[in-house]
Amino acid sequence: MSTKTPVRAPEKPGFRLGQTEVVAIVLLVILLSQRWLLPLLDHDLFNTWGTIFVAIVVQSAPFLLGGVLLSAVISTFLSEKALSKIVPKSPALGVPVAGLAGIGLPGCECAAVPVTNSLIRRGVAPAVALTFLLAAPAVNPAVLVSTAVAFPGQPMMVLARFLASLITAVAVGWIMLARGKLLLERLTDVGRDEHAHDRSFLGNVSHDFLHASGFLVLGAMLAAAVNTFVPRSVVNTVAGQAVLGILTLALFAFIVALCSESDAFVAASFTAFSDTAKLVFLVVGPAMDIKLASMEAGQFGMGFALRFVPLVIITAVASAVGIGWWLL
Amino acid sequence: MVAAVTRTTQALVVGFLGAVLLRLALGDGYLRYVTSWMKWPLVATGVVLLGLTVWMLLRPASSDHADHDGDHDDDHDDDHDDDHDDDHDDTHEHKVPAMTWLAIVPGVIVFVASPPSLGAYLAERRADDPVAAAPDAEILPLPATDGPVDVEVAEFMWRAGVEDGTTIKDRDVRLTGFVSTDENGNWYVTRIAIACCAADASASRVRVEDYDDAPERDSWVAVTGRWVEGTAPGGKSETAIEAASVEPREAPANTYQ
Numbered sequence: 001m002s003t004k005t006p007v008r009a010p011e012k013p014g015f016r017l018g019q020t021e022v023v024a025i026v027l028l029v030i031l032l033s034q035r036w037l038l039p040l041l042d043h044d045l046f047n048t049w050g051t052i053f054v055a056i057v058v059q060s061a062p063f064l065l066g067g068v069l070l071s072a073v074i075s076t077f078l079s080e081k082a083l084s085k086i087v088p089k090s091p092a093l094g095v096p097v098a099g100l101a102g103i104g105l106p107g108c109e110c111a112a113v114p115v116t117n118s119l120i121r122r123g124v125a126p127a128v129a130l131t132f133l134l135a136a137p138a139v140n141p142a143v144l145v146s147t148a149v150a151f152p153g154q155p156m157m158v159l160a161r162f163l164a165s166l167i168t169a170v171a172v173g174w175i176m177l178a179r180g181k182l183l184l185e186r187l188t189d190v191g192r193d194e195h196a197h198d199r200s201f202l203g204n205v206s207h208d209f210l211h212a213s214g215f216l217v218l219g220a221m222l223a224a225a226v227n228t229f230v231p232r233s234v235v236n237t238v239a240g241q242a243v244l245g246i247l248t249l250a251l252f253a254f255i256v257a258l259c260s261e262s263d264a265f266v267a268a269s270f271t272a273f274s275d276t277a278k279l280v281f282l283v284v285g286p287a288m289d290i291k292l293a294s295m296e297a298g299q300f301g302m303g304f305a306l307r308f309v310p311l312v313i314i315t316a317v318a319s320a321v322g323i324g325w326w327l328l
Numbered sequence: 001m002v003a004a005v006t007r008t009t010q011a012l013v014v015g016f017l018g019a020v021l022l023r024l025a026l027g028d029g030y031l032r033y034v035t036s037w038m039k040w041p042l043v044a045t046g047v048v049l050l051g052l053t054v055w056m057l058l059r060p061a062s063s064d065h066a067d068h069d070g071d072h073d074d075d076h077d078d079d080h081d082d083d084h085d086d087d088h089d090d091t092h093e094h095k096v097p098a099m100t101w102l103a104i105v106p107g108v109i110v111f112v113a114s115p116p117s118l119g120a121y122l123a124e125r126r127a128d129d130p131v132a133a134a135p136d137a138e139i140l141p142l143p144a145t146d147g148p149v150d151v152e153v154a155e156f157m158w159r160a161g162v163e164d165g166t167t168i169k170d171r172d173v174r175l176t177g178f179v180s181t182d183e184n185g186n187w188y189v190t191r192i193a194i195a196c197c198a199a200d201a202s203a204s205r206v207r208v209e210d211y212d213d214a215p216e217r218d219s220w221v222a223v224t225g226r227w228v229e230g231t232a233p234g235g236k237s238e239t240a241i242e243a244a245s246v247e248p249r250e251a252p253a254n255t256y257q
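For the record, the sequence lines run as chains A and B.
Per our numbering, the first sequence starts with residue 1, numbered consecutively.
Per our numbering, the second sequence starts with residue 1, numbered consecutively.
The following block holds chain A by itself, in its conformation from the complex:
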């Protein structure tokens, strides 16, 4: 160790600066907001933000850890041979299979990100793994049951949500297969991590958890801010307009970043909106929101996220509008 330190010494200041800056900015924001912003705004506002922020993190943490554990199992113990038996050889067929496989992971979207990462590491085609990422939080039984509870007497809403989410996931998977070269080339961070299989199980757990948790927290901070500072009545003002209502709820689903198990209850409270607009809210939210975008930028690289996020949102809106027009 002592022999290495001098060699690395010149590199150190560069890294430290980057790290220090981020930490310093975060601490500054916290300190400044307490010193100046709080008295100017009011304490209630900060407390409400704090409660919602901590709530999102506390709610997500067990799911994230569960996802990380599952992902470490895949990375450490599942051989590529075993995995290739489960996943069809042809990616075009693998995409719909991955979409249906999403039914089997009843967890939050935060659990799906590290699992997807480990699937790609283990040689599953990225388009197939990303289809799983989109489908898992949206079509699992826990989500469908909570949707049924939130929309009593509207079983079509449950069916519509299931179909529209599944179609979104499969469509995005196929689009990436067909013309996703540019997109998938930008999957920088994943392919490079070739050591995952060599690391011990706990090594993978700590690596993945450290990797994902910061981005989860960032997403939760932003979502809590939107939740606190944007009054719901602003959203309600556009309820009457069909197109604007759909776009507004799509945007709202992205920025409030609710758990897919609970978003149906919020959607049900948008009584002034059309059922199709509510469906858009339910389909966009689990597939893509600010928390997921943040985690995906962390796991798959910023360049990838900048293309993947709009692709998913546009596909989800189109799919939900189509299904809503047909079923609701």
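Keep in mind that the hints were calculated from the coordinates and are not lab data.
Heads up, some of the hints might be wrong.
[Unchecked claim] Some chain B residues close to chain A (C-beta under 8 Å, calculated; not the full set): (1) 22; (2) 42; (3) 99; (4) 101; (5) 103; (6) 116; (7) 126.
[Unchecked claim] These stretches of chain B come out as covered by chain A in the derived footprint (C-beta under 8 Å, 3 or more residues): (8) 13-19; (9) 30-36; (10) 43-51; (11) 109-115; (12) 164-177; (13) 214-220.
Note that CB positions come from ideal geometry on N, CA and C, so glycine has one too.
Please arrange chain B on chain A, whose structure you already have, making use of the hints.
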């Protein structure tokens, strides 16, 4: 040495988060943020994270690398700290982005600010939100008793809305909740419901009539009285109760419905 410290710091980030979750879950603290069924998942998460911390602290510098790191063994120490920077060569593993530091923020906020349960502030902001519809099942009559019947605030509201409120008409009921107000000087007995976590909170509240001395905002009360006929959610006049008595109450451990 620098690398070792950073690795220790990583372990502490994980350990701190685990300790915060465990502390919240073992007390009543977690009930301010999530529903009660999250208790054991949170305990398990906290324990696993603390165990992971111990492992991260105790593992020898080379144990996790010896078997696979041979060809670039000489840089395996700094791969832990901050090689998220783009200019790094990609032989590194254990890349930990600087964003990881954010993982300490929730714990800091819990310890420093200890954000309380959502209360009157949020309820007043969300007052105009539509409330959940009545359950689809048949509306059962309130149990027949001599004294006042305890009814949840949200239930009182939807009972007022269906069948012209016949199930609560002329019945003595008791509503328990916290006090919120509006700009016209009215006050309300209020509850917040969460489905999953505090991010999806929705408020329901019933205006208290004939009782001028509004208790302190955010204090908990039990209001006994009768439904004001004709008031209902979405109607001409918001749901109201004509109070016969208002008693202070201790805030429950779980303030959400």
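Taking the hints in turn, this is what the structure says about them:
| no. | hint | in the structure |
| --- | --- | --- |
| 1 | 22 | violated, 11 Å |
| 2 | 42 | holds, 6 Å |
| 3 | 99 | holds, 3 Å |
| 4 | 101 | holds, 5 Å |
| 5 | 103 | holds, 4 Å |
| 6 | 116 | holds, 6 Å |
| 7 | 126 | holds, 6 Å |
| 8 | 13-19 | holds (count 3) |
| 9 | 30-36 | holds (count 4) |
| 10 | 43-51 | holds (count 4) |
| 11 | 109-115 | holds (count 4) |
| 12 | 164-177 | violated (count 0) |
| 13 | 214-220 | violated (count 0) |
Violated hints, in rising order: 1, 12 and 13; the structure is consistent with all others.
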